[in-house]
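Peer 1: So the chains spell out like this:
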Amino acid sequence: MSSRRSSRSRQSGSSRISDDQISDLVTKLQHLIPELRRRRSDKVSASKVLQETCNYIRNLHREVDDLSDRLSEFLASTDDYSAEAAIIRSLLDY
Amino acid sequence: MVDSLFPSTEATVDDASPESRRKRRRISETAKETAESSEINQESLKRWRTNRVQQIYASKLVEALRRVRQRSNDGGKITSAAREIRDTADRVLAASARGTTRWSRAVLATRVRASLKKHKKAKLTGARKPRKDTAAERKRSKLPAVERKLKILGRLVPGCRKVTVPNLLDEATDYIAALEMQVRAMESLAELLAAAAPRSTLTRP
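One line per chain: the protein sequences are A and B, in this order.
Here UniProt numbering is used: the first residue of the first sequence is 1, the next is one more, and so on.
Here UniProt numbering is used: the first residue of the second sequence is 1, the next is one more, and so on.
Incorrect hints may have been included.
Claimed, not checked - For lysine-lysine, the following DSSO-like pairs were computed, each having C-alpha atoms within a straight-line distance of at most 30 Å: (1) B:149 to A:48; (2) B:149 to A:28; (3) A:48 to A:28; (4) B:46 to B:149; (5) A:28 to A:43; (6) A:28 to B:46; (7) B:60 to B:46; (8) B:162 to A:48; (9) A:48 to B:46; (10) A:43 to B:149; (11) B:46 to A:43; (12) B:162 to B:46; (13) B:162 to A:28; (14) A:43 to B:151; (15) B:117 to B:151; (16) B:142 to A:28; (17) B:60 to B:117; (18) B:46 to B:151; (19) B:162 to B:117; (20) B:142 to B:162; (21) B:151 to B:162; (22) A:48 to B:142; (23) A:28 to B:151; (24) B:151 to A:48; (25) B:149 to B:162; (26) B:162 to A:43; (27) A:43 to B:142.
Stated by the list, open to error - Quick look at which bits of chain B chain A covers, simulated, 3 or more residues with Cβ under 8 Å: (28) 164-177; (29) 183-190.
Bear in mind the hints are in silico, worked out from the structure with no lab data behind them.
Every residue, glycine too, gets a C-beta built ideally from N, C-alpha and C.
With the rest of the complex left out, here is chain A (with noise of 0.2 Å):
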C-alpha cells in the first residue's frame, strides 16, 4: 500500500502541473466563491479564479477577526463565562 501511494505522489507530485487539473480546480472553485458563481460564465479565467478565491479567504480570516472583537466585547465585562454560557446553552436550545 505504501508503494502505490509513494508511486502516485511522485506521479502527481512533480513540479509541472498538468492543464488538465488546474482546469478541474477551476471550475471546481468556481463554484464554491459566491462571487463566481453569480457571473456563472465559462469565460473565468484561471487566473481571476485563483485570485478571487484567496481573497475570499482572506475576507473570511477577517470576518473571524472582526467577530473575535465584537464577542471580546460582549465578554470583556466577566472574568468567567459561566453566565454568558448558561445564556447560550438555553437559546441554542441544543
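Mind docking chain B on chain A? Use the hints.
Peer 2: Just chain B now, kept in the frame of chain A:
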C-alpha cells in the same frame, strides 16, 4: 488506515470518510480521483453546512472560551481577548474536523508548537513574513501567474504549501466551507449575546 490520521510529509491524498478510504485502495488510476474528489467536496459541504454542526460548534466554542479564560485568569497573565477568541475559535474548528483534513491537523499542530515556543520566549519560525509582491519579485520567480496564485492559495490554507493540485482543491474546499461555518456560528453568538445582554453599554446598529 492509521497512517492517514497522522500528518505525513509526502503528498498523499486525504479522504473525508472511511468509505472513500476503502474504495481508494482498490482503485489505482488517478483518473478515478476526480470522481472521488467531487464526492469529497460533497462531503465537505454536508459536513459544514448543516445547522446542527453550527450549533455544536457554537456551544463547543463557548465551553472552550470559558476554559481558556479560566486558565488565563488562574495563570495571572492577561492575553488580548480578541486574539484568545480567534485562536480558540480556530482550534475548535480544526478539532471539529476530527483529523481528516490536512489544514485542521496543521492548525492544531501549530498551536502546540506556538505554546511551546512561547514558554521558551523564542520567535515563531512558522510565522509568515509578509513579502511585497513587487515586479522584481515576480520576474525573479519566473512562474506563470496561475502557478504563482496556486502557491498563494497553498499558503492561505494551513499546512498546504507543498501539496498537489487535487489535494489543494480538496483542502481549500473543506477549509472554505469550515470558515464559512465559523463565521456564521460566531455571528449568531454575537447576536445572541447582544440580545441577551441589554445591560451592555455598547450600542450596536
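Peer 1: Hint by hint, note whether the structure agrees.
Peer 2: Here is what the structure says about each hint:
no.	hint	result
1	B:149 to A:48	9 Å, holds
2	B:149 to A:28	16 Å, holds
3	A:48 to A:28	13 Å, holds
4	B:46 to B:149	28 Å, holds
5	A:28 to A:43	14 Å, holds
6	A:28 to B:46	16 Å, holds
7	B:60 to B:46	19 Å, holds
8	B:162 to A:48	22 Å, holds
9	A:48 to B:46	27 Å, holds
10	A:43 to B:149	18 Å, holds
11	B:46 to A:43	28 Å, holds
12	B:162 to B:46	27 Å, holds
13	B:162 to A:28	20 Å, holds
14	A:43 to B:151	23 Å, holds
15	B:117 to B:151	27 Å, holds
16	B:142 to A:28	27 Å, holds
17	B:60 to B:117	26 Å, holds
18	B:46 to B:151	27 Å, holds
19	B:162 to B:117	24 Å, holds
20	B:142 to B:162	18 Å, holds
21	B:151 to B:162	9 Å, holds
22	A:48 to B:142	19 Å, holds
23	A:28 to B:151	17 Å, holds
24	B:151 to A:48	14 Å, holds
25	B:149 to B:162	13 Å, holds
26	B:162 to A:43	29 Å, holds
27	A:43 to B:142	26 Å, holds
28	164-177	holds (count 10)
29	183-190	holds (count 5)
The structure shown violates none of the earlier numbered hints.
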